[in-house]
Every structure is written in structure tokens, then in C-alpha cells.
Amino acid sequence: MKHIKVVAKSTICRDKHTGCGECQSSCQSACKTSCTVGNQSCEQKINRIEKEDNR
Amino acid sequence: MVHAFDCLGHSFLLDVESGSVFIVDSLTKALIENHDSPVDYSKGEFSRYTATEIAEAGEEIDALIKEGVLFSPEPPHKKPEYAGIIKAMCLNISHMCNLRCEYCFADGGSYSGAMTNMSFEVAKNAVDFLIAKSGGRRNLEIDFFGGEPLLNFDVVKRTVAYARGLEKEKNKNFRFTITTNAMLLDDDAIDFFNKEMYNVVVSIDGRKSVHNSVRKTVAGEGSFDAAMKNALNFKAKRKGQYYVRGTYTALNKDFSKDVLYLNDCGFDQISIEPVVLPENHRLAIHKSDVPELIEEYDKLVNEYFRRRKTDKWFNFFHFMIDIYHGPCETKRLVGCGAGNEYVAVAPNGDIFPCHQFDGDADYKIGNVLDGTFDNRIPEKFALNNLLEKKDCRDCWAKYYCSGGCAANAIHYCGDINKPYKITCELMRKRIECAIAVNSLEKSK
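Each protein sequence line maps, in turn, to chains A and B. Read in the numbering used here, the first sequence has 19 at position 19, and its numbers run on one by one without any break. With the second sequence counted from 1, adding 1000 to any position gets you the numbering used here.
Quick caveat, the hints were computed from the structure, so don't treat them as lab data. Please note: incorrect hints may appear among the correct ones.
Said to hold, decoys possible - Simulated pairs of lysine to aspartate or glutamate, EDC-like, Cα-Cα distance not exceeding 16 Å: (1) 5(A) x 1388(B); (2) 5(A) x 1254(B); (3) 1208(B) x 1254(B); (4) 9(A) x 1060(B); (5) 1078(B) x 50(A); (6) 9(A) x 1268(B); (7) 45(A) x 1017(B); (8) 1043(B) x 1059(B); (9) 1078(B) x 1388(B); (10) 5(A) x 1268(B); (11) 9(A) x 1322(B); (12) 9(A) x 1388(B).
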């Protein structure tokens, strides 16, 4: 594409395996007076990446 | 819905429902902004482009729409339900503090109650309560908060040891975090934090004059020199995640200087965020301040982006975003989980929806000592999700802030489902900056 550079496609997971609740509560991370969820990471995806890295 | 914006000299598109992100040229951005209206391509900004260029950009847009990653429709959502599970706890281990910060929501650490420390008995019961309420969740979080947690360090240590002792038997993984004002942050504490604390948040507001104007000792003296000396020693020895975290107020609307000052001091994990106070407070940020603050975020993001290519690389908490491995939709709908998956426990064992409700009898859920637990408040907070917030439904940033802080909504808007608008505007700006920085860095 000449005019558009794709950074990421369809990043919001909605499949049946989501919503496990194992990720960090956002307010516990660093803020304590605001709420940002978008800078959190999915625990399942991170675990998957770590497993792949360890192979 | 597609949000188009400029940052760091580039144009970006965020497809809200799919979370897709694109870097585009100015022609494509203009076409997107005029997507729903008839356009005369011979006039205005389009007159700079040839018919071929306009057709090419239009074809690229159409291809992405067809693929379902641009102007993607809002899918049906699975409505979050109250599951009765708690997996994160703020343990207000001390209602005492050695500082008297002018903006403190905890009224000098006491939360308008008695200045007291939590006993080990209460902390132990809180751990047992958390495990009992956590269902099948394996990762459990305990944040030691206050007041100043290091004023009750012995109980912090004993609580961690107690919880660690139960991990294997109960098949749980505890993540401990702690927030400290650094006044008592000595080598003993640092060693312990390195062994046990997943994250440590150290409160420093930035430049000495800024910090000292609001973060004072009980005697009314500025706390900067002692806090900074200890924080720098901590940074040098820290093994693991940490943040220096500050609050900016009406006194330092030029807060980018405080962020950069902290970086100049040697910190590379920094979070500074706006104070939230009643309008008549001298430190309060008002709606009229927002344009100036947004300009300040612009200044910060430019220097941030530049420094991250140098030996002064650092993370600014609010410019971080995980574009590729961010949270699932469920998490984005429920947000922080206050009063639902996340609660706070006071030194006397009382349970509240989060630390900002500590001491408010109207929001007392129960007590870890007597085992009481009234489901009515958690059920109400469980419904505090994005789908219930009418003001958020058409906001492009909804899946990144999840409707904002429940405590701020109740305390400043009188309704858990009404977002605090000043925070909204600043949040949107920070998310734009975060998307821009991460897109440009990741798409190299």
C-alpha cells in the first residue's frame, strides 16, 4: 500500500478463550488515581510468547 | 468508528471496534475524515492531489473496509456479569503517614479515621479472605498501600511470608506490589522489595520546588531531599519493575519538565498524572486548564520520542500501550474491577470497593475479621462496565480507558456511570500519544 501503513490489525480479542481474569488489575499497576486499561497486557498472550521464547 | 489524529508529525487511524492501527498520509486522513459526506475533490485540501492519487488512496481504504479492519461495526458484546470472584486487593497496611501531602485523598493517611497500623491478624485474615474469594483464579494481587506502608514494614514482611506459604497448597501465584513515599526506603526495604515485590511505586512529584510545595513532612518541611536520596539509592539497586510516580496539580501545569527532570535524575520508569480534587481546592485542575495541559502532553511526547532513541530512554506510564498483546474485550469492558474483582481492606479489616472508598461507611462491603460480606455493593460495581456508560459509548478511546475511574465518577460526578470529563479529555490525548509512539517504534 502506498498511502496506508498497517501497524496492527484486529487487536481486540473477542474469542471464547478470553476473559480469564488472570491479568493484572489496572489500578494496581502504577496509577492509583486513574484508570488506564489499554496499557495492560493479556496474560495468556504473554505466557504464550514466553513459552515460545523458551523453546 | 474510526479516529483520525496527528501526532509526532504523522497521521494515524484507529479503527475503534477492531483495534486496528494505521499510519497514513494526509490525503488518506482527509478521505477518512470526509468518509460519510459528499466531497468535491477539486476544492479545498483535495485540490493538492491528482485524481489518480485520490483514487489509489480510496482503493486502499476500500480494501481495508472489505477486510473488516476499517469502519468495522460494533460487534455484539457478552455482557459482564457478577461472578463473586475477588482476585486483587489493596491492603491499607497503615493508616499513618510521615508526610502531609496537600492533595492527599487519604487525609494524611488516616482516611478521616484513626491513625493506626493494620495488625498481622487482620492482614492474615485478608489473605485468607482473598484466597477464599478467588475461585479458580491463579494470579492474585496484593498491593501494600496506606498511609505509608513502611511504617508497618514488619507486618508487610509477615503478610508476604504467610501468603507465600500458602501458594503451593492453594495453587495460587501472589504478585505483591507496594507504594511508598521513599522516606523510610532503606537498604533493608530495598532487599526485601527485590525479593518479593513484583512492582514498587515510589512517589516523587518531580522538581524540588514542585515536590516540596505539596509533599511536606508532619512538621511542614519539604520532603524532597530525603525522598530523592532514598529513591535514587533504590533505583540503583532495584531488580525488577518499578515506577517513580508523581502527581501534577494547578501549580505545575508545565509538568513535562517534571517528567524530564526525573529522567535526568536517572529514572527510566516514570508515571506522572493529574490530581483530582474538588473545584475549589487551590491545587485543582479545571476544565479551562485542559488546552494548556494538552499542549504540555504534546511537548512531552516529542521529547519522549526523541529520548527513547538515546541513552536517556525511558517509559512514561501513560504513553505505554500494548498494541499487539493488549487486553481482551472482557477486560476492556470491565476496567479496573473496583468493588468487583478488586477490593481494599482497611486496618480494622473493613472491606471497601477500592482504596479511594476506605472509611466511607456507605461503601463498606464487609469485614475480613467477622466474615461479613454484603454482595449488594459488588453487584452494583460489577455493572459498572463500559456497556452501561452512555457517555462512553461513542467515545473512540473507550476500549483503552474502559470508562475511567469509578471512584472519581462517584466522588465528582455523583454517578458511577458518569465519567469525570476533565480526565476524559486528558486520557484521550495520552492515548493518542501512546498509539503514535508505539506505532512509529513498532512499525520500523
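Okay, the hints, checked on the actual structure:
1. 5(A) x 1388(B): Between residue 5(A) and residue 1388(B) the Cα gap is close to 35 Å, so the pair fails against 16 Å, i.e. violated.
2. 5(A) x 1254(B): violated, 34 Å
3. 1208(B) x 1254(B): Holds, at roughly 14 Å.
4. 9(A) x 1060(B): Roughly 15 Å separates the two Cα atoms, so the pair holds.
5. 1078(B) x 50(A): Not satisfied, since the Cα-Cα distance of roughly 29 Å exceeds 16 Å.
6. 9(A) x 1268(B): Violated, because 30 Å separates the two Cα atoms, which is more than 16 Å.
7. 45(A) x 1017(B): Given that 16 Å is the threshold and the Cα spacing comes to 20 Å, the pair is violated.
8. 1043(B) x 1059(B): The hint is violated at about 20 Å.
9. 1078(B) x 1388(B): Roughly 13 Å separates the two Cα atoms, so the pair holds.
10. 5(A) x 1268(B): Answer violated: residue 5(A) to residue 1268(B) is near 30 Å, above 16 Å.
11. 9(A) x 1322(B): holds, 13 Å
12. 9(A) x 1388(B): violated, 27 Å
Violated hints, in rising order: 1, 2, 5, 6, 7, 8, 10 and 12; the structure is consistent with all others.
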